[in-house]
Amino acid sequence: MAEVQPTRMELIKLRRRIKMATRGHALLKMKRDGLIMEFRQLLEEAKEVISGMVEKYKKAQQKLTLAIAVDGIVAVKSIALSCCQIQPEFSMKRKNIMGVVVPVIKREPVRKKATERGYGILSTSMRVDEAVEAYEELVDAILEVAEIETTLRKLIEEIERTKRRVNALEYRVIPTMEELAKFIAFKLEEMDRENIIRLKKLKTKKAAT
Amino acid sequence: MKKLAVIGDTDFSLGFMLAGIPETYEVSSDEEIVKAVEEVLKRDDVGVVIIKQEYLQKLPPVLRREIDEKVEPTFVSVGGTGGVEEIREKIRKAIGVDLWK
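Here the protein sequences come in this chain order: A and B.
Numbering follows this note's numbering, with no gaps: position 114 of the first sequence is 114.
Going from the second sequence to this note's numbering is simple: count from 1 and add 1000.
Calculated directly from the structure, the hints in this document are not laboratory data.
Be aware that a few hints might be false.
Said to hold, decoys possible - Partial selection, computed: residues in chain A whose CB lies under 8 Å from chain B:
| id | residue |
| --- | --- |
| 1 | M9 |
| 2 | A60 |
| 3 | Q61 |
| 4 | A131 |
| 5 | V139 |
| 6 | L143 |
| 7 | T150 |
| 8 | F186 |
As the list claims (entries may be wrong) - Derived pair list, reagent style DSSO-like, types lysine-lysine, alpha-carbon separation capped at 30 Å:
| id | chain 1 | residue 1 | chain 2 | residue 2 |
| --- | --- | --- | --- | --- |
| 9 | A | K13 | A | K56 |
| 10 | A | K182 | B | K1035 |
| 11 | B | K1090 | A | K47 |
| 12 | B | K1002 | A | K59 |
| 13 | A | K93 | B | K1042 |
| 14 | B | K1052 | A | K31 |
| 15 | A | K56 | B | K1003 |
C-beta atoms are modelled at their ideal positions from N, C-alpha and C, and glycine is treated no differently.
One chain only, chain B, in its complex shape:
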């Protein structure tokens, strides 16, 4: 059985705590975000990580690539609008056609 984890600021995490998720990493600075991501990656009881959309952009590209490729845990970005562009780009590269989102 795997758990969920949340990485976000206090307001963001509050809602998920209401849903019962105790594993919240409350971050407020860029370094804290990076640290939280690295910590979560080391754990293997976490299956899905809910992270605030904008934080993904603040991560160094190496870390981002790692998150992208990892299946355990899966990172789901919530909130922002730009999240779908990445997948769209990948699809276009792989299949050649923009099957767009």
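Same shape as in the complex, but just chain A:
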């Protein structure tokens, strides 16, 4: 901080700044705590979503292996190629959680009816259908995971940022200002004392003449 003149005006200004900083500090602490609460809630949900996705992945893999074993890899591959006509798409919008911008993924229903899938239902076995359905479910779950993971990440970032500001205020900014205020007050007192002594001396001098 630049050297400040030990004047009463400066002291007043400083005291005002300390008050504001203290208020800001309290607000930031509230923000930090609020964020952490939101985060904890979200984490519970996230745990479920993620483990759900892992389950679906295992299931989808199994169904695929089964389909390949029964119908042969060539058949499955050719079906896969014809499936790609209708792509799953999604829109990413934003949401605001306590000041943090967070994604919202809206998925068009990925699951398609058996007839809309782009391959003939008569010439393929049920296993392929099941595998396809399992993978479609998996994709839905993956999108959910993407949304929640990103949200978690952003919240963590903001929590860290806010935490740092709280600590900076509490351990650096405010103590430094308070030190300075003490110093100015001391200096002012000193000057007052000097003035009193000077006045006394003058008085005695005057009285002597």
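Since the structure of chain A is already known, use the hints to place chain B on it.
Okay, now just chain B, sitting in the frame of chain A:
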């Protein structure tokens, strides 16, 4: 409207092709993985990338950090078991408590 992309080996991608995702990057070597990731990062029509868990470890740390921080596209790692450890570590660092997964 954003699309999905998949980075994985042939078997991995096959299942997702069945679900209708044509944007699959079939990779078989480490360099191909890196190349595929870089390519996907350049695109802006891809919103979510599905990548096989183990590939993440094969990426150079700089790239990994970039993937970590980017929101568009979001990378979702599928398959392995170690995926949750990273987030757990971050949480512990940020909040101080291991709220564990």
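So, going through the hints one by one against the coordinates:
no. : hint               : result
1   : M9                 : 42 Å, violated
2   : A60                : 6 Å, holds
3   : Q61                : 7 Å, holds
4   : A131               : 6 Å, holds
5   : V139               : 5 Å, holds
6   : L143               : 6 Å, holds
7   : T150               : 5 Å, holds
8   : F186               : 38 Å, violated
9   : A:K13 <-> A:K56    : 63 Å, violated
10  : A:K182 <-> B:K1035 : 61 Å, violated
11  : B:K1090 <-> A:K47  : 15 Å, holds
12  : B:K1002 <-> A:K59  : 26 Å, holds
13  : A:K93 <-> B:K1042  : 21 Å, holds
14  : B:K1052 <-> A:K31  : 37 Å, violated
15  : A:K56 <-> B:K1003  : 21 Å, holds
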